[in-house]
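Protein chains in written order, with the numbering used here: chain D, 1 to 441; chain L, 1 to 316; chain G, 1 to 282.
Because the hints were derived from the structure by calculation, they are not lab data.
Beta carbons are placed, not taken as given, at the ideal position from N, Cα and C, and that holds for glycine.
Hints are not guaranteed to be accurate.
Stretch by stretch, here's where chain L covers chain D in the computed footprint (C-beta under 8 Å, at least three residues) [claimed, not checked]: (1) 80-94; (2) 109-122; (3) 243-255; (4) 414-428.
Here's the letter readout for the chains.
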Amino acid sequence: MNLWNSRARVKAMVALSAALALPLAACSGNSADTDTAQPLDSSKPVTLRIAWSGSQDRTDRTLKAIDLFKQKHPNVTVNYESTTSTNFWDKLTTQVAGGNAPDIIQMSGQTLKQYVTSGVLLNIEPYVDNGSIDLSDWEKPLLDAQTIDGVLYGIPPGVDAHAIIYNATKLRQLGIAPPTSNWTWDDYTRMVCEIHQKGGAKYWGSEDGAPQYELLQVFLAQRGKKMFQDGGGLGFADQDVKDLWAIWGDLQKQGCVVPPAVQQENGANPEGSPVVKDFGAMDWTTSSQFENFVSLTKDQLGLVTYPFANDGTPGQVWRAGMAWSITKNSKNAAWAAALINFMVNDPDAGSALGTSRGVPASPAIRKLVEGTADAAAKQTFDNLTLVQATESAQITPVFPAGFNDFNKAYQSAYYNYAFGRVGLDDAVKQFMTAATAAASE
Amino acid sequence: MTVQSALKGRVAADHGSTRRMRRGVSEGLAGYLFLIPWFIGLAVIVVGPMVASLYLSFTNYNPLGSPKWIGLDNYTRMFTADPRYLKAVRVTVTYVVLSVPLQLVFALLLALALDKGMRALNFYRSVYYLPSLLGGSVAIALLWRQVFGDSGLVNQVLGFFGIHAGSWIGDPDTSLYTLVTLSVWMFGAPMIIFLAGLRQIPTMYYEAAMVDGAGPLRTFFKITLPLLSPVIFFNLILQTISAFQAFTPAYVVSDGTGGPVDSTLFYTLYLYQEGFPNLRMGYASALAWVLLAVIGIITAINFVVSKYWVFYGDEG
Amino acid sequence: MNTKSTFRTPAGRFLRHLVLVGFGLVMIYPLLWMISSSFKPEDEIFTDKSLIPKNVTLENYVHGWTALPNSFATFFINSGIIVAGAIVGNLFACSLAAFAFARLKFPLRKLWFSIMLGMLMLPHHVILIPQYILFSKLGWVNTFLPLIVPKFLATDAFFIFLMVQFIRTLPRELDEAARIDGCGFFGTFFRVILPLARPALATTAIFTFIWTYNDFLTPLIYLSSPEKATVPLALRSFMDAESGSSFGPLFAMSVVALAPIFGFFIAAQKYLVRGVATTGLK
Numbered sequence: 001m002n003l004w005n006s007r008a009r010v011k012a013m014v015a016l017s018a019a020l021a022l023p024l025a026a027c028s029g030n031s032a033d034t035d036t037a038q039p040l041d042s043s044k045p046v047t048l049r050i051a052w053s054g055s056q057d058r059t060d061r062t063l064k065a066i067d068l069f070k071q072k073h074p075n076v077t078v079n080y081e082s083t084t085s086t087n088f089w090d091k092l093t094t095q096v097a098g099g100n101a102p103d104i105i106q107m108s109g110q111t112l113k114q115y116v117t118s119g120v121l122l123n124i125e126p127y128v129d130n131g132s133i134d135l136s137d138w139e140k141p142l143l144d145a146q147t148i149d150g151v152l153y154g155i156p157p158g159v160d161a162h163a164i165i166y167n168a169t170k171l172r173q174l175g176i177a178p179p180t181s182n183w184t185w186d187d188y189t190r191m192v193c194e195i196h197q198k199g200g201a202k203y204w205g206s207e208d209g210a211p212q213y214e215l216l217q218v219f220l221a222q223r224g225k226k227m228f229q230d231g232g233g234l235g236f237a238d239q240d241v242k243d244l245w246a247i248w249g250d251l252q253k254q255g256c257v258v259p260p261a262v263q264q265e266n267g268a269n270p271e272g273s274p275v276v277k278d279f280g281a282m283d284w285t286t287s288s289q290f291e292n293f294v295s296l297t298k299d300q301l302g303l304v305t306y307p308f309a310n311d312g313t314p315g316q317v318w319r320a321g322m323a324w325s326i327t328k329n330s331k332n333a334a335w336a337a338a339l340i341n342f343m344v345n346d347p348d349a350g351s352a353l354g355t356s357r358g359v360p361a362s363p364a365i366r367k368l369v370e371g372t373a374d375a376a377a378k379q380t381f382d383n384l385t386l387v388q389a390t391e392s393a394q395i396t397p398v399f400p401a402g403f404n405d406f407n408k409a410y411q412s413a414y415y416n417y418a419f420g421r422v423g424l425d426d427a428v429k430q431f432m433t434a435a436t437a438a439a440s441e
Numbered sequence: 001m002t003v004q005s006a007l008k009g010r011v012a013a014d015h016g017s018t019r020r021m022r023r024g025v026s027e028g029l030a031g032y033l034f035l036i037p038w039f040i041g042l043a044v045i046v047v048g049p050m051v052a053s054l055y056l057s058f059t060n061y062n063p064l065g066s067p068k069w070i071g072l073d074n075y076t077r078m079f080t081a082d083p084r085y086l087k088a089v090r091v092t093v094t095y096v097v098l099s100v101p102l103q104l105v106f107a108l109l110l111a112l113a114l115d116k117g118m119r120a121l122n123f124y125r126s127v128y129y130l131p132s133l134l135g136g137s138v139a140i141a142l143l144w145r146q147v148f149g150d151s152g153l154v155n156q157v158l159g160f161f162g163i164h165a166g167s168w169i170g171d172p173d174t175s176l177y178t179l180v181t182l183s184v185w186m187f188g189a190p191m192i193i194f195l196a197g198l199r200q201i202p203t204m205y206y207e208a209a210m211v212d213g214a215g216p217l218r219t220f221f222k223i224t225l226p227l228l229s230p231v232i233f234f235n236l237i238l239q240t241i242s243a244f245q246a247f248t249p250a251y252v253v254s255d256g257t258g259g260p261v262d263s264t265l266f267y268t269l270y271l272y273q274e275g276f277p278n279l280r281m282g283y284a285s286a287l288a289w290v291l292l293a294v295i296g297i298i299t300a301i302n303f304v305v306s307k308y309w310v311f312y313g314d315e316g
Numbered sequence: 001m002n003t004k005s006t007f008r009t010p011a012g013r014f015l016r017h018l019v020l021v022g023f024g025l026v027m028i029y030p031l032l033w034m035i036s037s038s039f040k041p042e043d044e045i046f047t048d049k050s051l052i053p054k055n056v057t058l059e060n061y062v063h064g065w066t067a068l069p070n071s072f073a074t075f076f077i078n079s080g081i082i083v084a085g086a087i088v089g090n091l092f093a094c095s096l097a098a099f100a101f102a103r104l105k106f107p108l109r110k111l112w113f114s115i116m117l118g119m120l121m122l123p124h125h126v127i128l129i130p131q132y133i134l135f136s137k138l139g140w141v142n143t144f145l146p147l148i149v150p151k152f153l154a155t156d157a158f159f160i161f162l163m164v165q166f167i168r169t170l171p172r173e174l175d176e177a178a179r180i181d182g183c184g185f186f187g188t189f190f191r192v193i194l195p196l197a198r199p200a201l202a203t204t205a206i207f208t209f210i211w212t213y214n215d216f217l218t219p220l221i222y223l224s225s226p227e228k229a230t231v232p233l234a235l236r237s238f239m240d241a242e243s244g245s246s247f248g249p250l251f252a253m254s255v256v257a258l259a260p261i262f263g264f265f266i267a268a269q270k271y272l273v274r275g276v277a278t279t280g281l282k
């Protein structure tokens with residue numbers, strides 16, 4: 001008989017943990033009713049806690065917007081917690097577990113579902129219905145990408161597009177014409193090999209983009225497929241991954257793209273990018289990173305769409321990378337909704353925030369900010385406009401809760417292949433097994 | 001004059017004020033009185049969370065939700081259905097076996113070299129200690145790339161001799177060894193403890209050895225080493241524990257991934273990945289308790305073996 | 001001090017210096033790189049690889065000090081308060097416990113000692129959340145208390161064990177001599193053991209300073225208001241992978257942040273000298 005599985009033991013342990021008064025289910029919310037909006041009462045003092053991740057510039061700009069809100073609503077005090085993205089989730093997880101989550105959280109598309117299925121986030125729809133949050137002129141796909149089982153959980157502050165950043169100065173020096181917005185995979189492979197030939201042994205045409213799921217996303221879109229089916233499960237087969245990785249296998253064999261060891265050494269952050277550290281001409285990233293890259297190098301940089309399929313199918317993807325959400329344990333959900341609405345829709349707040357969370361999501365604010373954007377920021381607007389105008393451009397949907405596992409498996413299988421640890425077939429099989437399990441979570 | 005009689009004189013001078021405490025309490029009771037703060041800390045801050053984590057290791061606890069009892073599932077999964085776990089174990093054991101002896105020998109040699117004999121030693125000690133002051137600073141990752149990167153310092157030196165090596169950090173065959181080097185580079189803590197230990201050895205022993213005409217080597221093996229053995233033992237135990245729990249170097253250098261291809265996936269890094277980013281805190285707790293058991297056994301063995309080589313002044 | 005040195009001749013001494021300097025350079029090359037980077041303009045840090053900056057600028061220091069909503073002075077004061085509390089706490093609580101374990105015979109000593117060591121063996125990531133819940137129930141979140149109070153309760157088992165090992169190197173005759181002269185246990189502890197364990201106390205102070213000062217995770221979890229941030233938290237906010245990093249100010253402030261620990265280390269080194277028992281008696 002297994003002692004540990006015996007019922008008595010279970011009871012003893014449960015009793016023990018209860019005796020220790022550790023409310024591990026502390027997040028089960030009971031303060032905010034999920035389906036009705038609270039009224040807004042300006043007569044009482046209110047304190048809101050808001051948490052976001054990001055750079056100091058983003059923090060400064062957000063604080064400016066919050067100050068404007070406080071001027072209009074003197075009864076509201078706002079306490080903010082700004083953490084860098086690396087540590088943001090660890091802290092938030094701990095706070096949620098301790099029943100101490102902030103009122104407003106800057107969620108990410110990759111974690112939204114986890115937080116929703118665990119019952120952390122509040123249904124925002126009542127506040128949209130009663131006009132507290134005005135989404136009347138917003139694009140529908142943008143909101144669909146924050147909706148789970150028909151319920152809206154987040155208001156995206158900004159959007160951006162999958163894009164490539166290239167070193168324009170370097171290409172000019174090598175006498176190579178920069179890529180154009182309707183280029184194809186064949187153009188890409190030809191160009192990176194030419195750059196490597198002319199640039200020398202330690203200068204590569206491009207970052208190896210294969211470990212990034214965004215590439216798979218676009219590659220599948222060009223085949224009319226999706227990463228995940230709407231009802232759950234994978235939207236692609238072994239062969240799709242094999243075809244994509246085979247392109248990269250060839251590029252690696254020819255030595256045209258950054259080898260895996262050098263890429264691993266430099267990490268995935270902008271400061272390690274080949275474009276910044278000057279060992280490669282192109283980086284697969286998103287358009288909102290552009291201004292960040294520009295600040296790190298003296299060279300002139302350019303922004304271009306992901307390559308189209310060779311038959312000309314664009315298959316471009318854009319996304320709302322983050323969203324403002326309200327937690328269920330917020331005692332002032334109505335004021336939280338008011339602050340969110342102010343940050344995404346108010347023109348003054350919009351000017352203060354600028355492009356600190358990508359191109360503003362609200363169409364009106366987007367127009368306003370574009371009018372005053374500097375040269376680098378202007379390029380991110382142009383790129384997004386271009387991507388959104390391509391035929392059947394799509395927005396990144398809500399990912400399944402197991403996305404984190406999916407993404408890790410994808411990177412690890414590809415690198416196993418790139419380092420020659422396993423063959424292509426085995427690497428793909430390894431990934432598909434893990435991916436199938438993760439997609440059903 | 002002997003130590004005892006000297007001390008007697010010293011203590012006698014003070015004994016007016018200490019007399020009232022004399023035989024105030026029995027030794028057994030005194031032991032517990034001295035331990036009062038520790039007992040409070042144990043009861044209030046330590047035991048609760050530790051028991052909670054033990055309980056959670058039998059659940060599927062997701063920190064965003066509430067735990068559900070799943071019996072031994074976490075423990076069986078570890079050994080039967082988790083290839084990454086086995087990889088993390090391999091990486092960690094390799095790291096412990098290499099870094100602990102290297103760091104200890106290095107620290108001891110430098111402590112001996114920097115103990116006495118030159119006026120400028122204070123300065124050198126401080127300089128050598130500098131790297132250890134950095135701790136888990138974000139700058140470490142950037143610094144390490146400057147040394148072991150594809151175009152880093154090491155490869156520049158090797159290139160001078162016509163040797164062309166790739167990236168030491170990015171290559172899964174060498175990445176772990178750069179972290180071993182990092183741990184040796186940060187040898188400051190054990191070095192300081194060795195130094196303090198050397199300072200604690202009564203000079204009368206060395207004087208006696210000189211009178212006997214013992215050479216420096218003989219003095220080292222007959223006096224320094226045995227008298228330093230409690231401190232060596234301390235460093236051995238603590239460095240072993242901290243090597244098993246090594247987290248920061250891999251977290252900082254590999255950006256939290258344990259890459260390339262899991263070659264620097266330390267046990268605690270994997271535990272962190274499971275508990276926080278992957279939200280499987282129940283599983284992470286099980287990982288932690290298995291680690292505790294392993295470290296506990298190794299420490300116990302160390303204590304048993306220590307009877308044969310550690311000499312305490314109080315066993316005279 | 002009259003111990004033999006193998007490097008007595010001037011030539012020998014020079015050679016020894018040469019070795020020590022050469023080795024020192026290898027040790028601190030990465031630090032030199034950091035210092036040099038802190039004087040480079042931001043867009044040259046990753047592109048200009050040489051150790052000597054082409055364009056020297058103080059901008060990173062000037063800007064870095066005030067770049068955050070609170071100036072770095074605030075963060076140094078916060079770190080200072082926490083570090084001072086932690087040092088006093090560890091010296092007080094750990095030495096008491098260490099004396100008991102090293103010198104006193106009491107029932108269940110071995111059991112308590114093993115439990116003390118066991119506290120060192122559980123990875124702290126898994127007790128983070130239960131501990132957070134505990135401190136949150138006490139209402140201590142967003143105060144310095146969770147970072148200081150545990151030190152007064154001897155939760156840093158490392159230092160207990162460290163002091164136990166040091167106290168055990170002291171001959172037991174010392175205690176007995178004190179006992180004969182009328183010292184009780186507390187007298188022996190305060191008047192004999194503590195003064196003789198000065199190197200161990202200095203070591204404890206040094207490490208507590210460094211580790212508390214550099215600690216990132218605990219302040220990250222417990223301190224939320226920006227005006228309560230410690231130095232490492234502030235440094236980390238210069239670096240965000242998602243939306244941009246300021247490496248110039250990061251390096252400049254990292255260099256400034258090193259100054260207090262380095263200064264404390266140099267000062268505390270003096271106390272690593274021989275205690276009375278080891279030199280004063282002939």
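Give me the numbers of the hints this structure contradicts, sorted from smallest to largest. Violated hint (a single one): 3; every other hint is consistent with the structure.
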